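Residue strings, one per chain:
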Amino acid sequence: DQQVKQNSPSLSVQEGRISILNCDYTNSMFDYFLWYKKYPAEGPTFLISISSIKDKNEDGRFTVFLNKSAKHLSLHIVPSQPGDSAVYFCAASRSYAGNNRKLIWGLGTSLAVNP
Amino acid sequence: GAGVSQTPSNKVTEKGKYVELRCDPISGHTALYWYRQSLGQGPEFLIYFQGTGAADDSGLPNDRFFAVRPEGSVSTLKIQRTERGDSAVYLCASSSTSGGGENTQYFGPGTRLTVL
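Protein sequences appear in the order of chains A and B.
Residue 1366 in the numbering used here sits at position 41 of the first sequence, and the numbers go up by one each step.
Residue 3 in the numbering used here sits at position 6 of the second sequence, and the numbers go up by one each step.
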């Protein structure tokens, strides 16, 4: 049972345009959400996160929006650049005992930004 | 400062053999996580250490898998009697636990394990 879902396996965008990556979750206990970017043969790199008490967080070209009622979040990249081409993972966490914040991950969306 | 490092980067072994995968976390990070990523999947949680103790090992698939962190820094993931289904990228992440609940996890490059 996939608690975090990224329903688009791939996305292709023109350089300079907006990239929108979507993520849905089912567990209402999740209170923190993160986006990671992954290049081949490298570990995931943290991009941006959002707490469930907020509905938007912005960092440079990256903005994450959270809609708690819909259990949906999205990552916006504006403007998209060829170097943004990678696999993007959505991950969610909740509080467990002992400061445990293990992450539950989606399957990823492969973004291709075309020059 | 150095990030999370993992060794070896690649490990090829034969079915039935024993392997050890090492993770060196960011200095000062008390929390350490192991995940496993199979082809086409997202990472899956294996085990969480807070300091030296395994606070949550609920993700370990079976008793062939074991992990230690004896001094609260470096961690070793040990797999006995490897099976072909163990082939995956094993990822290690560390985080601090000083800033509320949402401590960002920083990942190493992973160890790609191939069991022939």
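It is worth saying that the hints were derived from the structure and are not from the lab.
Since the structure is predicted, the reported quantities are computational estimates derived from the model, not experimental observations.
Among the hints, erroneous ones may be present.
[Stated by the list, open to error] Derived DEER-like restraints, expressed as beta-carbon distance ranges:
1. Thr10(B) <-> Gly1341(A): 44 to 52 Å
2. Gly69(B) <-> Thr1370(A): 23 to 31 Å
3. Gly25(B) <-> Lys1381(A): 29 to 37 Å
4. Val71(B) <-> Ser1394(A): 42 to 50 Å
5. Pro1440(A) <-> Gln77(B): 30 to 38 Å
6. Lys75(B) <-> Gln1406(A): 39 to 47 Å
In this text, a Cβ means the ideal position worked out from N, Cα and C, and glycines have one as well.
A quick look at each hint next to the structure:
| no. | hint | in the structure |
| --- | --- | --- |
| 1 | Thr10(B) <-> Gly1341(A): 44 to 52 Å | holds, 47 Å |
| 2 | Gly69(B) <-> Thr1370(A): 23 to 31 Å | holds, 25 Å |
| 3 | Gly25(B) <-> Lys1381(A): 29 to 37 Å | holds, 31 Å |
| 4 | Val71(B) <-> Ser1394(A): 42 to 50 Å | holds, 44 Å |
| 5 | Pro1440(A) <-> Gln77(B): 30 to 38 Å | violated, 49 Å |
| 6 | Lys75(B) <-> Gln1406(A): 39 to 47 Å | holds, 42 Å |
Checked against the numbered hints listed earlier, the structure breaks hint 5 alone; every other hint is satisfied.
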